[in-house]
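Colleague: All chains, full assembly: derive it from the sequences and hints.
Which chain is which? The protein sequence lines are A and B, in order.
Quick note: the first sequence uses my numbering, first residue 1, plus one each step.
Quick note: the second sequence uses my numbering, first residue 1, plus one each step.
Bear in mind the hints are in silico, worked out from the structure with no lab data behind them.
Some clues are possibly wrong.
To be verified - Partner residues are not named here, just some residues of chain A that face chain B (Cβ under 7 Å, in silico):
#: 1; residue: 106
#: 2; residue: 107
#: 3; residue: 257
#: 4; residue: 398
#: 5; residue: 412
#: 6; residue: 432
Owing to the predicted nature of the structure, the values given are computational and were not obtained by experimental measurement.
The C-beta atom is built at its ideal place from N, Cα and C for all residues, glycine as well.
Spelled out, the chains give:
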Amino acid sequence: MRHRRLSGVIVLILVLASSLLSGCAREQDDERTLTYWASNQGNSPQQDRRILNEEFEKFTARTGIEVNVEVIGWGDLLNKILGSAVSGVGPDVVNLGNTWAASLQATGAFVPFTEERMQQLGGRDRFLETSMSSTGMSGRPPSSVPLYGLSYGVFYNKAMFREAGIEQPPENWSEFVDVARDLTRPSQEQWGMTLAGASYTENAHFAFMLGNQEGAQLFDSNGRATFASPRMASGVQRYVELMSEHRVVNPDDAEIGSATEAVGNFATGEAGMLVAQNSSIAAIRAAGMSDSEWGVFPLPTPDPLPDGGEAVRSHVAGTNIAVYRNSENKDAAIELVKFLTSAEEQSILNEKYGSLPVVSDAYDNPAFNTDALRTFSRILAESSKQVPMIPNENRFETTVGAAVRDLFARAGTNRSVRSEDIAEALDEAQQKMRSGGGSTR
Amino acid sequence: MTVTSTASTAPPSGAEPNGSRARRPRISKRSVPYLLLAPALFFELLVHIVPMLGGLWMSFLRLNQFFLREWMSAPFTGLQNYRFALDFDGAAGVELFQSFAVTIAFAVITVGVSWVMGLAAALFLQRSFPGRTLLRGLFLVPYALPIYTSVMIWKFMLDRSDGMVNATLSDLGLGGERFWLLGNNAFLSLTVTAIWRLWPFAFLALMAGLQSIPTDIYDAAAVDGAGLWQQIRTITVPMLQPVSQVLILVLFLWTFNDFNVPYLLFDQAVPSSANLISIHIYQNSFLTWNFGLGSAMSTLLLLFLLVITAGYLMLTSRRSRNA
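Modeller: Set out below in structure tokens:
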């Protein structure tokens with residue numbers, strides 16, 4: 001009798017447990033509905049949703065496949081992708097920052113784009129070579145394909161240039177610093193340039209670009225971090241010096257945590273220059289600055305380039321698109337990728353977002369023929385370099401980005417930033433990165 | 001007599017007849033409490049104990065980006081994650097230690113100041129005066145505000161260029177132009193924000209405790225010539241001890257584990273002077289995708305808090321037994 005009661009309790013618990021677990025189980029997906037996690041490309045998630053839904057109506061009309069769009073901010077995207085990779089519950093198709101391509105490829109969460117699948121998309125050759133270089137580890141089929149192309153360029157305020165008597169954009173780094181100095185008038189709250197000193201992603205990008213100009217090797221052939229070098233240090237020094245030594249950057253910028261805030265400083269005329277990606281164009285417009293008021297030139301390099309230095313003016317920036325391995329609807333998902341990378345949609349979407357098409361056959365659209373976008377697309381195609389496509393890339397961004405952020409904090413609080421400090425900060429970052437605590441396979 | 005016999009034999013109208021009741025399995029009185037507890041126990045296991053054991057198990061695995069998707073097959077590495085976290089010769093171990101020291105300082109200061117402020121406010125409001133209820137309500141506002149809102153307000157106030165703190169300081173001729181969210185000042189900002197949020201709880205608990213102290217003790221003390229300060233020291237504080245004991249423990253556990261305040265105040269740019277241990281663990285698992293290492297650090301934190309709690313309870317219960 002006692003046993004019977006005990007087993008009764010156990011049965012009760014099991015029934016409760018099973019009902020809970022079945023509650024967790026994924027609902028059976030509708031065959032013809034895809035879930036799409038879109039990154040936030042426009043001014044707001046609402047705008048993104050509107051733009052995408054308009055295009056997906058065409059897609060649904062042609063293929064009968066419905067698309068359920070969720071727009072996810074950049075701050076949350078990586079964590080959400082990680083979460084869905086772990087749980088196996090997630091969307092069918094997802095956007096990702098292209099610098100994460102190799103790190104996310106290592107998780108095995110995405111379907112590889114084999115030669116056959118690339119043929120479905122019209123072949124590898126359609127895509128820009130530089131954008132294609134940022135899609136996964138070399139020697140493996142890409143785990144994502146490019147979707148929106150971006151590159152860095154220097155935005156400048158034409159009126160402020162005129163007022164300071166600057167007739168043409170600077171061509172090398174020392175001219176760049178001189179121009180910034182000419183624009184700086186602290187008493188009028190006007191600065192030569194603005195930057196996001198507390199954003200670790202931005203900082204890591206600048207360390208990468210300027211370090212490469214100095215000829216720094218970030219990783220050896222085994223993917224081991226080697227960035228704590230004098231060359232890398234002089235690249236980082238050039239960036240931090242803009243605030244500490246040349247004083248052409250407002251110390252307040254040491255607190256700026258996102259590129260968007262820096263865009264605000266530029267658009268309101270508090271700073272004459274801004275090094276940013278072309279995705280900022282939309283934000284500059286939204287802040288009330290019309291297209292005729294600003295111009296763009298490529299990020300200058302030292303002249304002459306240091307021994308072994310490369311004329312890197314941007315990293316290969318942009319957004320990629322990938323298909324989840326857990327998707328129960330892979331064929332439809334590939335169909336969606338094909339739609340979004342088609343010449344027609346590339347032309348429409350990139351025009352609306354102010355980004356660059358990643359396929360060469362979409363450049364016929366006159367919208368991409370403005371001076372600014374021609375400059376950005378030339379930078380992307382000719383003088384940008386992909387960040388190392390190794391699984392540890394995300395750790396490079398966090399460790400180096402945080403180190404540079406701390407250096408800006410020093411510079412902002414009026415403490416000197418000597419080259420020893422920079423070397424030490426990089427060395428610490430490298431130690432952290434190397435001793436990743438089992439960050440290898 | 002008739003009444004009792006009716007009650008015991010004839011069921012109330014509408015109930016089942018006697019025959020079916022006999023066939024139903026009888027639940028004995030002894031199993032009722034267990035049956036009532038079972039759902040709670042089950043959910044406690046599900047929500048607390050199972051994830052904790054899961055975390056413990058994860059801390060022995062090499063659970064990084066290569067194994068996230070098939071985490072069931074992540075390789076077992078024994079104590080390697082612990083060895084790495086506690087290797088004070090390496091950069092990571094030193095950072096963990098620094099973060100631990102910052103957290104201890106933060107928790108001790110926050111709890112201490114909150115307790116003192118709570119007691120002062122509770123004593124102040126004990127006597128009746130016009131506007132007392134209003135003031136009491138006002139004091140509780142920080143605790144009632146949603147944490148996100150209150151911390152974001154502090155973030156705006158502490159901004160260097162157009163924050164209220166710097167503006168006030170420069171109006172008073174005390175400088176200004178200072179970074180409150182960078183460098184070593186960040187610790188101060190973090191502590192002040194946390195105290196502001198937390199002290200109303202101490203106030204609330206101590207105010208309740210004060211109600212239980214009989215007023216005639218104070219009267220007797222006053223007759224014996226004890227001043228206000230003496231009364232507080234010899235009557236109020238000792239008699240509040242049972243409340244304070246629990247309060248301080250709870251506050252300590254809350255602040256030691258605080259994640260929200262630093263995370264909201266500094267975003268992802270947490271300066272090392274405000275790098276609390278929970279933030280450190282988050283960054284070591286979510287930004288670098290090394291969940292094995294993060295779990296090992298969490299387990300160490302759990303062990304530390306268990307030791308502290310057990311030690312504190314042992315100490316305070318012995319003291320109160322001696323008293």
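Colleague: Indicate, hint by hint, whether the structure satisfies it.
Modeller: Hints, one by one, checked against the model:
A least Cβ separation of about 5 Å between residue 106 of chain A and chain B falls short of the 7 Å threshold, and the interface hint therefore holds. At its closest, the beta carbon of residue 107 of chain A sits 5 Å from a beta carbon of chain B; the interface hint therefore holds under the 7 Å criterion. The criterion of a C-beta within 7 Å of any C-beta in chain B is met by residue 257 of chain A, whose closest approach is roughly 5 Å, and the hint holds. Because the beta carbon of residue 398 of chain A sits about 5 Å from the nearest beta carbon in chain B, less than 7 Å, this interface hint is met.
Below 7 Å, beta-carbon pairs count as interface contacts, and residue 412 of chain A has one with chain B at about 6 Å; its hint therefore holds. The restraint placing residue 432 of chain A at the interface with chain B holds, with a minimum CB-CB distance near 5 Å, inside the 7 Å limit.
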